[in-house]
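There are 2 protein chains.
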Amino acid sequence: MHAALRGPSDYSQEPARHPSLRINAKEPFNAEATRRDLAASYITPVDFFLKRNHGPIPIVHDINSYYVTISGMIDRPRKLSLDDIKKLPKYNVTATLQCAGNRRTEMSKTRKVRGVGWDVCALGNATWGGAKLSDVLRLIGLPYHTEISPSGGKHVEFTSVDQCPEEKGGPYKASIPLGHATNPAADVLVAYEMNGEVLKRDHGYPLRVVVPGVIGARSVKWLDRIDIIEEECQGFFMQKDYKMFPPSVDWDNIEWSARTPQMDYPVQSAICSLEDTNVIVPGEVNVTGYALSGGGRGIERVELSTNGGKSWFGAIRYQKDGVPYIAGDITSDKWAWVLFKAVVDVKGDTEIVVKAVDSSANVQPESVESIWNLRGILNTCWHRVRLSTMHNLRSFL
Amino acid sequence: MHAALRGPSDYSQEPARHPSLRINAKEPFNAEATRRDLAASYITPVDFFLKRNHGPIPIVHDINSYYVTISGMIDRPRKLSLDDIKKLPKYNVTATLQCAGNRRTEMSKTRKVRGVGWDVCALGNATWGGAKLSDVLRLIGLPYHTEISPSGGKHVEFTSVDQCPEEKGGPYKASIPLGHATNPAADVLVAYEMNGEVLKRDHGYPLRVVVPGVIGARSVKWLDRIDIIEEECQGFFMQKDYKMFPPSVDWDNIEWSARTPQMDYPVQSAICSLEDTNVIVPGEVNVTGYALSGGGRGIERVELSTNGGKSWFGAIRYQKDGVPYIAGDITSDKWAWVLFKAVVDVKGDTEIVVKAVDSSANVQPESVESIWNLRGILNTCWHRVRLSTMHNLRSFL
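Protein chains in written order, with full-length UniProt numbering: chain A, 1 to 397; chain B, 1 to 397.
Quick caveat, the hints were computed from the structure, so don't treat them as lab data.
The beta-carbon is built from N, C-alpha and C at its ideal position, and this holds for glycine as well.
Below, simulated DSS-like cross-link-like pairs (lysine-lysine); rule was C-alpha separation at most 27 Å, straight line:
#1 B:K90 with B:K334
#2 B:K154 with A:K320
#3 A:K154 with B:K320
#4 B:K310 with A:K112
#5 B:K310 with A:K109
These stretches of chain A come out as covered by chain B in the derived footprint (C-beta under 8 Å, 3 or more residues):
#6 234 to 247
#7 250 to 263
#8 290 to 302
Chain A residues, not near chain B, derived (Cβ > 10 Å throughout):
#9 D10
#10 K86
#11 V113
#12 N278
#13 D349
Modelling step: build the complete structure from the supplied sequences, incorporating the hints.
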């Protein structure tokens, strides 16, 4: 165990959290912002950024003796202090991290799935500051764009110091392909800042990995080790979780090895200015929310329907307020979500549906049935909110 | 006009074609294989590979004086002969090229679209032999992984010698981003071979571009010029065609500049062992076909349903006969389609539906309505074939 950074075994030393969070599990602590808090800003304040944990939050005892070990199938293993990492060129990358379980609660309504329940806010968009992993790996002799190391390594494994439950096999781990890790354009960071401030404990202090365009589960926090390994990480969260199964597979016929670990993710969108059911006064309703896609693919359009999908109209997309978003524009934040807004004139009971199309023309499925999976990951079906109008309400006000 | 390679202005000198092709337009010649011919092999024979043209097929008058001009925003323009290109390291890349209009005829049944009609065979999978474009561009001083040239160039434009109709503004052109062109891992080729033989005239002899993972329209044939340009190509086929519009846009309200040129494409699949309507003898029916996705994303699963999508079962996926396909396996052909097969026991009138999921968990839409677009591109909805059973037929045989 790392002496300067410890994963405690109980929950007596958790950090303080914002009181308005929606808590989905207390121990380990898993919480998301309310819809309105999340959609209020393009850059998600740290307080409202998804808290996703598998054990108690680690504690730094002595930041001056903290180091991350770089080892595995390499000639020259290294221990790098925080200062060593900070001496590398610093990059600020705005990237959305989305938990693969986002919108799981909705999937569970069709047929029960296992896992922490999440509404539509199991994600956040932050500006991460740190060194590029590709530069860290150059320090140990791996040039940019290395797919296989001289010793035959093809993956890079990140290991945390957190204490996950015993059945999950020790600290949290994940890996990404070496070619991804050594590609400077992939913007994989070893980050020490979030939104211009030192990382908070909940988000991986003192060092975490940020893998843009990939499900959040690969962005390991509280970094203890980076290892060059031959094949993908064999840890629980790569091999027995975060895999996408078809609807026909359930717990009695699951074969984990038949599927590959989920990395990239599909196009997604959700309405955040309304709950799933709402009672409103008839009139103009602001509809806002987010859309995003994996792999750096942009959002080509966001569309709304008030007749169940028979016809659609486009929403305004933006990343910076007042500046229309254009997919493929190199000044846009390629790894970040796109916010959208529209005004809908609601006269009577109405269902509003949203769906997005990414720059590869991928679409969201209409209903959850065809993408249902036993672990409840990647629910990306059209998001629907229902509005009941109270015609009398106006006279009360 | 290039003296050694000419785009004739009429159709009097077209090459011979296989008699079993399904001809969708004679002049310019546009044809696809029958479903059974296409699905009969993983590598598509040249004869059965999609023929997609916008004018008469160019003719090489003197291969020894043929050259391709590399110019634009660079310091050292070059003319490269075929031998110059062949002196560069040769790569063989197996890649599927799919016309964005594949399955257009089916889309047109919902609401009429403009463009050549295509069944489900407007694609082919070939092994292309040639130099990497990234190596060609190194010859003119652009290193690998260059996003912007020293002079500010951000795109690479390919120009053909073919004579497109006048309203389409001269020879066929397209561009891709410079970062894509100079990335050796993107496997963009300047190809002179197809399936181990010299390119045929229909497929771009003497030199063509092959851009794996991108709609076929960017893989320019009969190459005359490669230019480094500042912004994306302003030619007709980039700016006034091959863009994806929402269903609400029609010819009376189209604004071409509002959309970006389609490059990457979404997950797709189709059944090839059956026509859309079939009369069969009850019993076991072999269902085979293809699945593919853009951007090098693999195929995570292919599923069939015989009850309209209420339940699904998996099909066997393969690239090499007898070797199961595994998405993400580095020995698989990353840019190539995946074939599938299954046996369905058909007892009475049946609809068989196929859909695929790619490695990013992107899915095909259930119906065509939500992806209908006026140019009829990228029809990727679930593919359905109907079987009527003739219970009496057995007694006739």
